[in-house]
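Below are the chains, spelled out letter by letter.
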Amino acid sequence: MHILATEGLTKRFPTVTALDRLTVTVGAGVTGLVGANGAGKSTLIKILLGLLPATAGTARVLDLDVATKGDEIRRHVGYMPEHECLPPDVSATELVVHLAQMSGLPRTAARERAADVLRHVGLAEERYRAIGGYSTGMKQRVKLAQALVHDPKLILLDEPTNGLDPHGRDDMLALIKRIGTEFGISVLVTSHLLGELERICDHVIVIDAGRLLRSSAIAEFTQATQTVTVEVEEGTQPLAERLTQEGQSVTQHGRLLLVKVSGPETFDAIRDAAVDLDLCLIRLEQGRHRIEDVFREEAANV
Amino acid sequence: MSEIYDIGYRHYDGPRLGRGYSTRALTLHSLRGIFGLGRTARSKIMPFALFVIMLLPAVVSIAMMALIKQRGMPYSSFAVTMQAVVAIFLASQSPTVVAPDLRFRVLPLYLSRPISIMEYVAAKVVAMTVALFLLVAVPLTLIYAGELLIDMDGPTVPPQTKEYLAAMAVALLLALLLAAFGLAISSLTPRRGLGVASVIALYLLSSASVPVIYATLASADNEEGAAWAWLLNPFWLVDAVQVWLFNTPAAVPEGGYPPGPAPAIITVVLIAVGLGALALRYRKAAAR
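If you're matching them up, the sequences are chains A and B in order.
By this note's numbering, the letter at position 288 of the first sequence is numbered 288, and the numbering carries on one by one without gaps.
By this note's numbering, the letter at position 164 of the second sequence is numbered 1164, and the numbering carries on one by one without gaps.
Isolated chain B (complex conformation) (with noise of 0.2 Å):
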């Protein structure tokens, strides 16, 4: 025999966790979101289709290399060739992380918990940098295993170690300067289809300058400036950080990026750009 007693209502009196730990909570929250677990099965299908498109490349560099001993992408090379992917990815989940809860006006039930405004951002930040991290990195460490399992070139040669680690940090800072600037324009767009066009617009318009931008310097024998045309474009700008700090070849169908590192202080300036943004157009919310 067994009763149902209605035990009431009773006090929480365990541990209270500082907010390091709600913010830490928060960043995966988000990660989940951008990756649609938790979520309906719609918006599962976009991340992962993408997902599954970046592992394509590296499943083709393995066979090449286990069926015609060759190479198939350099790492270097890896996120510049899958840009037009990457960018996408980007497009479109970079407004599930920052647009319901301006749009829906979920942010006062943050506001009104021990987290602070710029922590609620840094975490965002966070889980949109490890996703397109992870966008990037999985399929070159997928490669890398591949070339470690097949040990192409014999036991004699090292396998490219030092290539990947290099492709693994450049991705990292790709990573921050895309979440930097994709959240901060779908912050401006609470609607999200608006955000993912903003985004989508304005990669378009930075790759498309490119070429068109170069053959007009090209043209007019300005080898030099044409150079820096590349740099409008973020995948460019971030390979041509790899190329000054790593020393590998330039990602560019021709020419090559301006020497020093001026492409890497660039980098840095509008990484701290899209924060700024990201931060007052949140400060400014959180006054609402």
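This is chain A alone, in the form it adopts within the complex (with noise of 0.2 Å):
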């Protein structure tokens, strides 16, 4: 069963067409949807969540139609936006119990998970002060905790690393991948950093101006590419000699070498060269194709 379906999705605002006839799909796990600044991400999730009626088009959230089972499905799927939203003079703790509530939750219930969640996104002490003394990433963690609190089966991430720095963005990465995998909860994160989708997502879709650009699992954007990156401790310059002179071709990035990969040969020749040459092996990497390079080329053809 899909997650997700949307078909033929469309939506026009008097200016400005957001959606147009979208259809994909998204099955279980993390689904990246990426998309340059008003490439429809956010207007997507509205309609998802039966927010917002669609102009044409019909789109499915768990198997229930958007148009006439939007309660429902917003009993079951989890939303972070990716503006600021907190009330500043309550604590984590009372507004993520709060929010669990008016999820269904009974008040009991709604403590226990609550604690839960909050403990998940890693709040500890802190999550009885008041959110106004919060730092951008504890206040993002805070964000995350109310999508989760009702335990949903599908929750929507939009730009959940804005604002955050290199090391809270890794812990953030490290969550949602978390999330989709040990949590067992599908998961559809927005973002416009394809660096960052690639390290923690199963599919990638990419849209453009309301239109699908690219709809396919990770491991179809990251294929391995013909090049195989070699670096050893020392002698460099001979070893790009030899394997010339075998009829590799090589080219040299500094300290690294990038040999293009003909066969299973390749990797011989390069074993017995720094064999032959009595040399320090550090690393022999298969070189892949980065989604940003894959979504370069996919813009630079519409």
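If you're looking for bench data, these hints aren't it; they were derived computationally from the structure.
Note that the Cβ used here is the ideal one computed from N, Cα and C, for glycine as well.
Possibly wrong hints are sitting among the right ones.
[What the hints assert, rightly or not] Stretch by stretch, here's where chain B covers chain A in the computed footprint (C-beta under 8 Å, at least three residues):
1) 71-84
2) 199-211
[Said to hold, decoys possible] Estimated spans, in silico, between C-beta atoms of each pair:
3) B:Gly1276 / A:Val16: 26 to 32 Å
4) A:Pro88 / B:Leu1172: 32 to 38 Å
5) B:Ala1066 / A:Pro106: 52 to 58 Å
6) B:Met1118 / A:Ala67: 33 to 39 Å
Two chains, two frames, some hints: make the complex.
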């Protein structure tokens, strides 16, 4: 069963077409939704939550029609908005308990769940303090906790790493990965940074100007290319010469050698060369396409 | 020996209650917010100080009944006499009900849950109405309890139960009228300070203009027209409804109210206008 599916989904505002005949399906696991600002990501999320009527087309979330079953969908879906959305004068505990009740959890269950999810997102004693004094990273964690508190089947995360420093970004991405795997909750996460999604997603959907650019499994994006990176401690130069002599095409990038793979014999040649020259081999790594490269190519073709 | 286990993520398979439950929870949450419960100590000062001020006349009334065997304030005019305190409570607390959710953009967190925007608005109106009702009804009830205990007129004269119940019913009407308007104005000004100022300004305008208009019309020998001037102030407007419904004495310094159901009709129309404005405001906020 698909977690969500859209069919010819179109949303026109008086001056702009936000979604243009978008047809996508999303399965279980972590799915990235990529697009530049204004590509229609937030509009799509609002339609999926049943908060905005579509101009044309249909969308189903958890096999429920967004046009008629909005409240049932919202009961089983969590949403983390992109913007700041936390009142400063209440504590994280109080807010998350309250929002759990808003999702229909009885008071005692709401308290237990709130304590659980706040622990999972990594908020300790500070959860009893007013949110106004929190750092950006802590606020992002509270926003994530409120989306998880009612144990949804699917969570929609709108730019969860916005405004975080590199360390906070890594923590947030690791947490999202855990939600998708360990917690068993499907995730739809938007970002305009492809490199981030590459690390956590099983599947990536690329939209631009409301239209589907590409939807495929992450493996297809990052398929192995025909190069191998070689790093040796010393003697980069002799190795490059030796490999060139043997008919391999070699390009030097500082201390690294990029060798084009013509077949299994390329790896043998590198190994033999390193042994013969008595070199200390530090790294032998298959080069990968980055999603960003793919996206650049796709965008250039449009 | 005890060990701490990381039991990992646990799924929730307990009950998920309906939208009625969520709406009630939101009402209670908002009501607690109005009185600063679960908030900082600073946010409790204003509502509780005003509440205590409202109780003072009740205490004085009871003391008067006990010591000098005289009634203090009649039930029917309690709200009108204390109107400045009620108005300050309305101005200072109604922004706390609606402004933060708009200003800090908390609304999407509610909208992404089962309740609809109109249930959200209804919960806020009910919370503010209940708060204002408590503000007037608790002192009234205290006076009534005092009257029953002291039994000033002896066992032969029944207590003023009818007057008390009439005042309670009218307090509810007043609370609804004030809540609808206070919240509508506060929701249009997401900054709290601005909301406080707008509500108090509107109240001052409505109460300060009354004597001026009344005096002008009365000096022109237009007693009938002058009577309508009292209806410009919400407290006298609702008192006029009380006079019409329960035949209580009018709580005005001079003259009287226009007779008949006109004040009641105006009150109902004003409540509808206030609620309509709120609904429109939030329909727009939800669409963003």
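Hints, one by one, checked against the model:
Only when three residues or more bring their CB closer than 8 Å to a CB of chain B does the claim for the region 71-84 of chain A stand; here the count is 10, and the claim holds. Coverage of the region 199-211 of chain A by chain B is violated [criterion: at least 3 residues with CB-CB distance below 8 Å; count 0]. Between B:Gly1276 and A:Val16 the C-beta distance comes to about 30 Å, which sits within the given range of 26 to 32 Å. Our hint of 32 to 38 Å for A:Pro88 and B:Leu1172 holds, since their Cβ atoms are close to 34 Å apart.
With their beta carbons about 47 Å apart, B:Ala1066 and A:Pro106 fall outside the hinted range of 52 to 58 Å. Judged by the Cβ atoms, the range 33 to 39 Å given for B:Met1118 and A:Ala67 is violated: they are separated by roughly 18 Å.
Checked against the numbered hints above, the structure violates hints 2, 5, 6; every other hint is satisfied.
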